[in-house]
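Visitor: Going down the list, the sequences are from chains A and B.
In terms of our numbering, the first sequence has 87 at position 87, counting the first letter as 1, and numbering is strictly consecutive.
In terms of our numbering, the second sequence has 738 at position 226, counting the first letter as 1, and numbering is strictly consecutive.
Mixed in with the good hints, there may be bad ones.
Computed cross-link-like contacts, BS3-like style, restricted to lysine-lysine with a CA-CA straight-line distance of at most 30 angstroms [what the hints assert, rightly or not]:
{"hint": "1", "chain 1": "B", "residue 1": "K641", "chain 2": "B", "residue 2": "K708"}
{"hint": "2", "chain 1": "B", "residue 1": "K708", "chain 2": "A", "residue 2": "K377"}
{"hint": "3", "chain 1": "A", "residue 1": "K387", "chain 2": "B", "residue 2": "K643"}
{"hint": "4", "chain 1": "A", "residue 1": "K321", "chain 2": "A", "residue 2": "K387"}
{"hint": "5", "chain 1": "A", "residue 1": "K143", "chain 2": "B", "residue 2": "K643"}
{"hint": "6", "chain 1": "B", "residue 1": "K641", "chain 2": "A", "residue 2": "K273"}
{"hint": "7", "chain 1": "B", "residue 1": "K666", "chain 2": "A", "residue 2": "K273"}
{"hint": "8", "chain 1": "A", "residue 1": "K273", "chain 2": "B", "residue 2": "K708"}
{"hint": "9", "chain 1": "A", "residue 1": "K344", "chain 2": "B", "residue 2": "K666"}
Since the hints were derived computationally from the structure, they do not count as laboratory data.
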Amino acid sequence: MSAEQQATPYLQFESIGKSFPGVRALTDVSFAVHAGSVHGLLGENGAGKSTTMKILGGEYVPDEGRLVIGGEPRQFRSAADAIEAGVAIIHQELQYVPDLSVMENLLLGRLPTRLGFVQRRQALAWTREKLDALGVDLDPRAKMRNISIGQRQMVEICKAILRDAKILALDEPTSSLSHRETEVLFRLVRALRAQGKAMIYISHRLDEIFELCDAATVFRDGRKIADFDTLQGVTRETLVQRMVGRQLDDIFGYRPRELGAIRLAVRGVTGYKVPAPVDFEVRAGEIVGFFGLVGAGRSETMRVVYGADRRASGIVEVDGKPLPATDIRASIRAGLMFCPEDRKEDGIVGVRSVAENINISARRNHLRAGLFVDDAKEAQTADDFIKRLSIRTPSRRQEIRLLSGGNQQKAILARWLAEGDLRVLIIDEPTRGIDVGAKNEIYNVLYALAERGVAIVVVSSELPEVLGICDRVIAMCNGRIAGQFAREQANEENVLACALPEGAATANLRRN
Amino acid sequence: MSQTSPTLSSSERPVQATSWLRSAIDDYSLVLIFIALFAVLSGTVQYFFSWDNIVSVALSVSQIGMVACTMMFCLASRDFDLSVGSTVAFAGVLCAMVANATGSVLLGMVVSLAAGAVIGFINGAIIAKLKINALITTLAMMEIVRGLAFLASKGQAIGVANEAFYVLGTEMLFGLPIPVWITAACFVVFGVMLNKTAYGRNTLAIGGNPEAVRLAGVAVDRTRIVIFLIQGAIAAFAGVILASRITSGQPNAGEGFELDVISACVLGGVSLAGGRATISGVLVGVLIMGTVQNAMNLLNIDTFYQYVVRGAILLAAVLVDQLKNRRVAR
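Please model the entire structure based on the sequences and the hints provided.
Guide: In structure tokens, the structure reads:
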């Protein structure tokens, strides 16, 4: 309260709303960031933080509400508008030209020239001076590709400052930094705070939020849940509770069931991106959740188990029968099937029809003369699943990319149900980017499968989802299984504590 | 305008339903354009609308048409093949040489087709298994195979004494030249393959999203290799027919052939981004190319201008396709 009375905030989000086809991303989001402060944004994946940042950065135009910067309402139509208004967003994926020098990247498009020739010496001196002023120790002549990720991030931040940014937003900046690099980053952030910049800081790591942020806003399901004008006296538990707490049972509708024998056994599996051996088992009718931060190695492990990526060592057994390594078709024949994390990139064939997407795998089981597609049967299969899973589409002939995320996911589930002999289903991020209503439908499909004896592995970055639908939760951290919890024992605190790397910023396993 | 179906909940946005007429025009726009073009040319260009001329158009595009059928698969799976022109020349030379050496034209054909299949297999294996860019791989293969054609023939056109060699390219069957029949058969066979077989459907799906198709358990690498293998064999077949038509195996035959074939496919609405192709489109693409060429010849337009016109038509076709896609993507 007191902070708000001291000064009008420099940046205000006023009742921002944003929808995408099939998904409501943000609803009535308002919060304020003061000049000379670091404002933390907290929330799970899909809570609306990134959408908010994209609106601030001019990438999305909000459907409702407005931004007020320095007392003036602003409407950004493009990223250029936002930069013009003094907004700089440092994304997780940095945007730089790897083969140019630090100096050239800093001065991209603005190199001092004379008669069309670059004035190199002048540019170098100027860059050195600016880097010194920011307390950044970097050789301006070094190629971007030859410096560390942390240093590249510094360059990116300096670039924003040199453009005279007044608002600086950092999205998960420490996810790929070492401990030392994180300290350097924090020093820079504090220096910028002292210079009066208004800063937004997004991180999964609560330690960092407590260490760095003056205030914080918590997001959940596209809404603002809570504002904290100060973090003094606020406990970690309070924040976690605000991030995840809700009437979970309504959405999840968990149904307990009998478990059978072990269906999937994974023993000592390693691969290129799975350096440490992974062991786990799943029983018939059991839903096991894999929770962890992005980059914890969950998806990578599952891809190796399925055979999508090379298995270097270890055994995968379905109903006691070992599967050959790195053989997707053998996995499918054995009843082990996989719904990938990134539906658009790895799941659907966007330009093909719903029917085609449903039948693409099972097709090979009922070809006529080993060659010809049985169109009548495929049409019937497609219509059948469209009805059973209530896939909302004008017809089976519709191109699947035009469907909403939830319906695309249902079509991919139908693809495996059409195979007939589904025994083990690995589903990665089953409801990412999917509406609450459709989420519930997907969960119900999973329960129905489990009741039929299918062993299900759910990989998810949404803790409430894992806690809400799974019989058992396995937490992964830095490529290893860090802990297991039976449903009754698992709660937000102990699973999250298990999944978070020790300390403020342990070097994380990088994705890709 | 979009229409909301009452069964959709408010959270699930309705999907656009274009009107029936609109979609019919979209689907058959190429055919309509070709019919219009044909009508205009028939009315304005002397000698164009005669049976003999129409047959000669069909004959002139018969080799391009054959290979366009297989190139359609290649492009639909998001690949590319520049080596077909060289394969045409090499196969023609090889067939003539084997026919001369053994006295059997049939053996020459078989050897040529096998050689084409091997060339295609190498292309496919390098692209699918070693993950080398298709453009580079087939560009290299184009040079290599052209070189082989010159080496094998010592740079000379190779004539064939055996009369049987000319049958394929010059004889008539039921009033049409044999090459036209063969091309028609290719369109039927590959049309059925594209639409009715798992191979064709998978080809389109691979072009749409190769990784998703791989994860769905389709043998993506094998399918891509088969696409190139068939392409090589058909290109070789086209080479044998061409050699028969021009009565000798010529090492410099089919230069620029690959670009004509790809142009015809693109003109026929095959998406270079993969996933979209229709056999009727490719047929119309081939016919448009042949018809325009023929009309320009009848009008005595300078060859130099013909290049410009063909390029302009190709650009226009791609632009129209782009505009169409942009509207769909909205």
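Visitor: Are there hints from earlier that the structure breaks, and if so, what are their numbers?
Guide: 3, 4, 7, 8, 9
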